Amino acid sequence: MRTFKRSYWALPYLIFMLLFVALPLVMIAVYAFTDSSGAFTLANFTRFFTTAEDLHTFAYSIEISIITTLLCLLLGYPAAWILSNSSLNRSKVTVMLFILPMWINMLIRTLATVALFDFLRLPLGEGALIFGMVYNFLPFMIYPIYNTLNKMDKSLVEAAQDLGASPVKVFTKITLPLSKSGVMSGIMMVSMPTISTFAISELLTLNKVKLLGTTIQENINNGMWNYGAAIALIMLVIIGITTLFSEGERENESGGLL
Amino acid sequence: MKKFLAQSYIWLLLAMLYAPIIIIAIYSFTEAKVLGNWTGFSLELYKNVFGGGLNSSLMKAIQNTLSIGILAALLSTMLGTVSAIGIHNLYGRKRKVMTFLNDIPMLNPDIITGISLFILFIAVGVSQGYTTILIAHVSFCTPYVILSILPKLRQLPANTYEAALDLGATPAQAMRKIIIPQIKPGIISGFILAFTLSIDDFAVTLFTKGNGGIETLSTYIYADARKGGLTPEIRPIMTLIFITVLILLIIINIRSMKNTKK
Amino acid sequence: MPKETAIIDIRHLSKSFGDKQVLKDINFYINRGEFITFLGPSGCGKTTLLRMIGGFLNPDEGEIVMDGKNMLDIPPYKRPFNTVFQRYALFPHLDVYDNIAFGLKLNKLPEDEIDAKVRKVLKMVSMSGYEDRDIDSLSGGQQQRVAIARALVNEPKVLLLDEPLSALDAKMRKDMQQELKEMHRKLGITFIFVTHDQEEALALSDTIVVFNDGVIQQIGTPTDIYNEPVNEFVADFIGESNILDGTMIEDRKVSFLGHEFECVDSGFAPNEPVDVVLRPEDLYVMSNLSKAQFTAKVLSCTFKGVFYDIMVSVDGGYELLIQDYSHFEPGSEVGVIIKPQDIQVMHKLCTTNETEAKVIDSNHLEIFGECFECLPLDAKYSTGDQVRVAIDFDKMELQDNQEDGTLCGEVYFIIYKGNHYHLTVRLDSMEHILVDTDDIWDKGDLVGISIKKENIRIIA
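Each protein sequence line maps, in turn, to chains A, B and C.
Residue numbers for the first sequence, in my numbering: 50 to 307.
Residue numbers for the second sequence, in my numbering: 11 to 272.
Residue numbers for the third sequence, in my numbering: 37 to 496.
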């Protein structure tokens, strides 16, 4: 049979992805290591690590990201656990209500937070920023943890009880270790956007607080493409390292999003 | 008791998640310029949205959002369907490479996707505008289309394609009469999903729209918000978008639930 | 050379998936109108071969010739074959009628002709009246019938059946076997049937082709294959059997179980090591010890419905399985008789593991890609020289833990030889090594193999 193989159907997409997904990422690296005339330079990086303001933004972004991630974990894990526990929650609707906001425009959600703070006559600022972040990203923490807990073989819990484990022991020795992959996924899904976001801080702090994303955007807007690319590359490297660390722990969650 | 506490916690979190959106929805029914002032129930803002009372740039932004959404969804659905069939028939390392590439746009933060495309476009010297936004949207929508079609391909009975050929169908006939009809639910879900993602996008559009003055709804809202104070008509628009997305997502979820039951 | 009666001639067919060669130079022919079965364990290459005949896979080498025409250039939709797929591959979005009419509609037959053919074939598979039913609403057996009807309605010259009965329960499988056989008789076309179920193969086929590891082990009628298996694999795979190591003393005289027996086989070298097959129903067991060829002690006696499965132990630590209609008390002494024509003597495939090795230094050799310590080598060998080494089956140690052995592998095939197990271990390098052991292992176990230096013999 000399027929056209169906696997060739992936070829156009491969070309498309190389052009519009892989190549652009390579271009970031190229721009990061060149100056505006196109000559190789490390100046973009030395500039970043010697500019006090940018370094401060960098550190601050990471701090905010860690705080947000921890808060999401603290609020989200119990929620995911309750949602997956059939004796506490039977309704699939509540699960869907938690997942739905993931698909609503982040900008709209952020502006809605601004509206909420206006409505409650609360001042915008750091507090609003952290609330807005948690509000925006909490579903991204709950969803993967819920997924892992939900897929977990319930007979494991029964087996542990049968072997004499108390509810606390069941949780610490069985449920928690087995949901590690979901927790890692959640941490990834929350920490990545919190590190990279830019509009949220602008709108929720009236531009008083700058995050790394804002710095990148400002530089790009002001024509400092190479410098912007360098910071973007640094962000990519951090994200890449975090991904690698959590890689082993993560299952493929993306397939079950719907 | 335990159940009551658990349920209270869940609903408290949900209240926190939905409060801002609900407040916007409530205040879309009053005319006050500043959100938080209730000046009596009114449908004036909705009348403005549907009655042509919007300023022309907001009107244009809405049109752009819809046309880009539909085009991007169409293109990525076509590309995604063909590619999903291709990927489904790949094995071993080739498949791993394709799935890895397919994962990148989904894992990449928006800002990175946006900036990387921005840099590509300026490096090649393409002037940015409608087309570049469209390309960008296709690039981040297609992976989701593929992900909604691949499970349908996996669910096909083993040897379906071979059976069609065996009974005398040419490869093209086998695709048209057997494979495509069976993965149609996945294709439709993929289309809806792509449309939702496209009209929802903000960051990628912001970086790929260039400075030719083209705006989509989200970039318009962003610019509006930066100027301080939202145009009041944005409130009904945001409410409508929220409800549209909600409905689309409920449709997708019901579709996928039906299918898993089968 | 294929006879006049051949419809399909398979010549030098080879196929690999990646590193794994699934078919190795396959040559045979299929007679017109026969019911031929490809039989073998999973992964033996039988389905791969069927898919090549159907046109869904291309061979790496070789040809498939039908009526003098090479089929390889013909795409599956133009081949005069139809297939009943494993798990049927019915189109779930079409009803029973449209599934069956699919091929006819593609050929643009007139409506009424299609209608007549569909109804006729539905009647043949006893499914009349099911035209409008959804595929999902049918039972496994009904889907099976629709799948057969869908293939037969196109009037193929050859019907390919890929494990079609494997999804059915035991009772329904027996019934479908009868119906298939009946259909074959009525239609008179060639059936090519793939199965891993030896009973099914014996019950249905005119000819059985036994595959293992991508190689044809034996081709023959069911009775040939059952009564005269050519090697220990076929003997073990088809039916139940006792396989023992023996020695052919001279023509018509073989020794095993520590006794000499008269047999009907000849043409072996004097004192050649052989495998001996004894079918459990061919061993005669009795309480009278004086007339017996040898005596044995009953270990267990299990009722199997018609007969008893009797395990006995024989001097020398051997165990034998005997099937008999009478009950014998465990612990009792019995006599056993084996008739000469019931002893099947087979050449051993090999008597030792022989392989190439590379000299590393004066007391190390590289064997199967790993470094082994060996006895000091003769001075004539220098680093890099190729030598041939032999390692006897019983001169290796198997380790539970792969890391404890020099070689790593997976238990691939096990034959019980009466007093020990004969294992085929597939090494990580995909090569096979044969090991005798007294310990019980299961197929698929991961093992390490270590070899003492004095057990590596240099033979050339």
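In short, the hints are calculated from the structure, not lab data.
Note that the structure is predicted; figures quoted are calculated from it, not measured.
Hints may be right or wrong, so weigh each one.
Per the computed footprint, the stretches of chain B lying under chain A, defined by three or more beta-carbons under 8 Å from a beta-carbon of chain A, are [stated by the list, open to error]:
id : segment
1  : 31 to 41
2  : 190 to 198
Which residues of chain C face chain B? A few of them, derived with a C-beta cut under 7 Å, are [stated by the list, open to error]:
id : residue
3  : A125
4  : F138
5  : G139
6  : L142
7  : F404
Note that the Cβ used here is the ideal one computed from N, Cα and C, for glycine as well.
Status of the hints after comparison with the structure:
1. Only residues whose C-beta sits within less than 8 Å of a C-beta in chain A count toward coverage, and the segment 31 to 41 of chain B has 4 of them, enough to reach three; the restraint holds.
2. With 0 residues carrying a beta carbon less than 8 Å from a beta carbon of chain A, the segment 190 to 198 of chain B misses the three-residue requirement, and the given coverage is violated.
3. For A125 (chain C), the suggested interface contact is upheld, since its CB lies about 4 Å from the closest CB of chain B, less than 7 Å.
4. Hint status for F138 (chain C): holds, given a least beta-carbon distance of 5 Å to chain B, under 7 Å.
5. The beta carbon of G139 (chain C) is positioned within 7 Å of a beta carbon in chain B (closest approach about 4 Å), and the interface hint is therefore held.
6. Nearest Cβ of chain B to the Cβ of L142 (chain C): about 5 Å, under the 7 Å cut. The hint holds.
7. The restraint placing F404 (chain C) at the interface with chain B is violated, with a minimum CB-CB distance near 25 Å, outside the 7 Å limit.
In this structure, the hints that do not hold are numbers 2, 7, in rising order.
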